[in-house]
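Chain A is already provided as a structure; the job is to place chains B and C on it using the hints.
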Amino acid sequence: MTRRTWVWLSGRKRPPSDYEEVSTGVQWYSDPSSRTETGGWRMDSTVIKADWGAFRDPSSVYYRTYVAAQDSAERQLDSVVATARDAGYLSAIDPAWKTTLTSLIGAMSFAEWGVVMAHQHVQRFALSPTVAGCAQFQVMDKLRNAERNLEWYELVHPTAEPGTLNAVWMNAPEMQPLRRYVEEALVVQDWAEIIIAVNLALLGVLQPFLREIYVRGGRASGDFVASAMGATFANDAARQVAWTDAFVNYCAAEPVNATPLSDWFGNYLPAAVAAMDALVLAFPMDGLAADAATVARGELSDRLDALNLKRTDTVVAVLAGYPNPSKV
Amino acid sequence: MTSERGMIEAAAEVEPLLIYVRANGASTPPLLMNPVPTWTVRFFTKVGQQSLYVQLPAPVEAYRSLDGARLDPDAILRELGLLPYEMIELRSAAPNTDSSRA
Amino acid sequence: MTTTNRTRQLYWKPSYVDLDAMYPPLASAGIHFDDWDSWDDPFRMNYRQYIDVQAKKEVGFHPVRDAFERYDGMQHMPRRWAEGMKLVFPFLQTAEVAANRAHSRTARYAPAPALRTAAFYQSIDEVRHFQNHLFEMRTYNQKTDGFDNWAFWRDNHFAIAPAKVVMEDMMASDNVFESIIALNLCVEVVFTNLIFIGIPSVGALNGDTALAQEMLTTQSDETRHMAIGQSTVRTLLRDERNLEQIQYWFDKWFWLIHRIVAGPVGMIPDYFAKRKYIPFQEMYKRYVIDNFISGMVDDLAEFGLKPPRHLEQAKAELPDMSHSMYRTLFQYKTMLFNRMFVPTDEDLEFFDNGYPTFTANHGKFWDDVRAGDRKDLAQLPMTCQMCALPCVFPVPEAPTVCCSVYEGKAFWFCSDGCKFIFDHEPYRYGNRVTIDRKLNGLDVRQLRMRMGLPKGIGGVLKADDDI
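Listed in order, the protein sequences are those of chains A, B and C. For the first sequence, our numbering assigns the number 66 to the initial residue and increments by one for each residue that follows. For the second sequence, our numbering assigns the number 157 to the initial residue and increments by one for each residue that follows. For the third sequence, our numbering assigns the number 1092 to the initial residue and increments by one for each residue that follows.
One chain only, chain A, in its complex shape:
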């Protein structure tokens, strides 16, 4: 017998998923119940126009599946970390890598935290409950990322002075383009713009770059924890890539949105790539970093091939590795 479902999910050939049944309908768009500056959900919270109720997360993540999957992933990572710690293998890690780790894993937590915070704004103000759901789980993923980064940093540098990572984030020259980018994203009000700036432009290059560094750099330096972290964070990032790309194409289906989407991306991408390139310059790692950056640009280019997003000449050039007008 056919299962009964909610009215707005009924009458389709394919029955709705659990995800749809617990993630849709949970927002409303009526006359505001009160007058405050913050407001409830306002149509002018973004310049993008879309049918907000119809968006779906391609990964169909909802609370139950999220905690179950991440519980499994966390247990695996726990084993890896415990092995490293208990087997006394920390001393076997290449010292040059340990130094690199301070910025690329330790201080990178601040950037991950910034992404968390940016998505809290998206989660609150998004006009789509399913976009808000995606933002919610991305917040959790990036929190995971930040905490694991810090945990690993502490294990590798047990005698580091308190405030070391903060000092690197605030002052180290290689972190400043990234910090500036994150701070500027944190004052953007249009939640759709944040998704483009943070997910498509910044993480679009930074995530694959860091994955390559953690996985390959970790392997080369004898740091199998960093490798494992790189792999597991990449799994998390795959969901974020899926929903971001779905979001871009969903919005781009309305011709009126083509210009803002393209303008935003064209505006943010050069600065995102410049932030990545500053890290490459500071930590060459015998060419590994440059390779990682090339992989990152290539992956984003490939993604863009499937996205209905107009690329400006600058974007094309920057992704191809030509001199970046954003470089300071």
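Mixed in with the good hints, there may be bad ones.
[Claimed, not checked] Distance condition first, Cα-Cα at most 30 Å in a straight line; then the derived BS3-like pairs of lysine-lysine:
| id | chain 1 | residue 1 | chain 2 | residue 2 |
| --- | --- | --- | --- | --- |
| 1 | B | Lys202 | C | Lys1500 |
| 2 | A | Lys78 | C | Lys1546 |
| 3 | C | Lys1529 | A | Lys114 |
| 4 | C | Lys1234 | A | Lys78 |
| 5 | C | Lys1455 | B | Lys202 |
[Claimed, not checked] If you want the footprint, here are the derived chain C segments under chain B, 3+ residues with CB under 8 Å:
| id | segment |
| --- | --- |
| 6 | 1414–1428 |
| 7 | 1456–1468 |
| 8 | 1488–1496 |
| 9 | 1501–1515 |
| 10 | 1527–1534 |
[Stated by the list, open to error] Computed spacing ranges between beta-carbons, pair by pair:
| id | chain 1 | residue 1 | chain 2 | residue 2 | range |
| --- | --- | --- | --- | --- | --- |
| 11 | B | Glu171 | C | Lys1397 | 44 to 52 Å |
| 12 | B | Gly224 | C | Pro1133 | 48 to 56 Å |
| 13 | A | Lys114 | C | Arg1325 | 40 to 48 Å |
| 14 | A | Ala225 | C | Lys1397 | 45 to 53 Å |
| 15 | B | Ala231 | C | Arg1325 | 53 to 61 Å |
| 16 | A | Asn300 | C | Asp1131 | 31 to 39 Å |
| 17 | A | Thr359 | C | Gly1121 | 49 to 57 Å |
| 18 | C | Pro1133 | A | Gln254 | 26 to 34 Å |
| 19 | C | Arg1325 | A | Ala225 | 31 to 39 Å |
Simulated from the structure, these hints should not be mistaken for lab results. Nothing here was measured: the structure is a model prediction, and the numbers come from that model. Idealized CB from N, CA, C, for every residue including glycine.
Same frame as chain A, but now just chains B and C:
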């Protein structure tokens, strides 16, 4: 005094008021009415009770809730200076009825 | 497994943008605190611990729900129980959605880093709650009507308006501390034990084991939320300049949450539960008065905080709240998405025993009904400008209706408690158009259409329907 029929015919020509009505002691909650401004208070009192599904013991009086003033049954609604969404309370003035108590 | 919260150290003061642009002062305007960075988070949750604890809870809940549905648990429930769930679940779920979104704002914009961290975990907890409520509703939906269009009824039906209107306003508060006082303190510390412990007791008695499991597991998350509320209010009250503002929010939100909980939820143990546990007013006394008032409020008295301003009115209304609410909805049975029923002799006996004034205040109404008077009303009732409930409290025959005039219009309130709030913030609340005004002039057929009620929905359960 204009007839009831005249009242109803007048409804077609004039913008209605928005006035709540309640009857003291009745189980019906206050309801929003759209009386014709040219109705008398007396006519409003009759129609109000019908709308509230109640028949209070006669005589039934009308009070303006905002200030508690008793309304003259012959007064015309539009001349009372009622604000939109004010309330008129109906009470029985018959001795020893529950609804005669405020 | 680590239990340290490391992310507290990840807060930084920006240098490429203004601090006020990143953390707008609007989020804490009027609140005094010397050093936001020193604010202490009582729970210190971290991701690893969160995932571990919550994954276990989910494993403890969903199989119970699955089994309940698979083995048709509903057939063992008196029919009236599901009718009550049709009203209460959309109410609860709407509140959880608003709470989720409100806490995302706190997580992003609260001035204290430790408070932001705590809010992250609360925000995601609320996702768990609204999604698990939806799982419950889905189970009921397999066997009965009145659930499948819950989103439309939330947006358009008068019965759900109180939850939507009040909780949306809570979410829209400019000051995150107002949202915290409203949610963490007034909803969670004061009322969630009543809802998520009291109601499951009744549910289990009436065969709804899935609900019992769902609500108890929901409540297990509330301890963390309550801790945020209690520590927030204590911390803020250390500066006596905050007392007036905190007192006002406390007075305001205690009243509003009492309003939207006591009437609707009160009907569950008194009416929609065939097998009775204890009278609603007893439950309220136990979980709200004794637990909260005698506990926490007394504790906070040292800071100068007084008990909620309208607490005595809340107590005075208790003997009638569930009865007045139920009677009123009974009069609107032609316009509901659930079914009402005439209380049985057993019900009336329970009421007489539990409520000494029941016969005097409500007896005649039910005598008339039993004598054949349907008491149907064809027009929506006056609903309160603040809480959106019908103005029928404490009893419909003599409601405490009161008025304020603002911008040349009269606004009506069900109580002094609601009027007090409006008079403090008329601009904030002066734009609302109550549903009876919005749908003024429509007949029953048109009202049913506007409120999304297809033919066959709602109506009455008969005595031989195993009510």
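Hint-by-hint comparison with the structure:
1. B/Lys202 x C/Lys1500: Roughly 25 Å separates the two Cα atoms, so the pair holds.
2. A/Lys78 x C/Lys1546: Holds. A/Lys78 to C/Lys1546 sits at ~25 Å (cutoff 30 Å).
3. C/Lys1529 x A/Lys114: Distance of about 28 Å is within 30 Å: holds.
4. C/Lys1234 x A/Lys78: 21 Å, holds
5. C/Lys1455 x B/Lys202: Distance ~24 Å between C/Lys1455 and B/Lys202 Cα, so the pair holds.
6. 1414–1428: This one holds; 3 residues, not fewer than the three required, reach chain B with a Cβ under 8 Å.
7. 1456–1468: holds (count 3)
8. 1488–1496: Our answer is that it holds, as 6 residues pass the Cβ test (under 8 Å) against chain B, meeting three.
9. 1501–1515: holds (count 3)
10. 1527–1534: holds (count 4)
11. B/Glu171 x C/Lys1397: 44 to 52 Å: Since the Cβ atoms of B/Glu171 and C/Lys1397 sit about 48 Å apart, the hinted range of 44 to 52 Å holds.
12. B/Gly224 x C/Pro1133: 48 to 56 Å: Since B/Gly224 and C/Pro1133 have Cβ atoms about 52 Å apart, the given range 48 to 56 Å holds.
13. A/Lys114 x C/Arg1325: 40 to 48 Å: Holds, since A/Lys114 and C/Arg1325 (Cβ atoms, about 46 Å apart) stay within the stated range.
14. A/Ala225 x C/Lys1397: 45 to 53 Å: 49 Å, holds
15. B/Ala231 x C/Arg1325: 53 to 61 Å: At roughly 58 Å between Cβ atoms, C/Arg1325 and B/Ala231 fall inside 53 to 61 Å, so the hint holds.
16. A/Asn300 x C/Asp1131: 31 to 39 Å: 35 Å, holds
17. A/Thr359 x C/Gly1121: 49 to 57 Å: 53 Å, holds
18. C/Pro1133 x A/Gln254: 26 to 34 Å: Given a distance of about 32 Å, which is inside 26 to 34 Å, the answer is holds.
19. C/Arg1325 x A/Ala225: 31 to 39 Å: About 34 Å separates the Cβ atoms of C/Arg1325 and A/Ala225, which means 31 to 39 Å holds.
Checked against the numbered hints given earlier, the structure satisfies every one of them.
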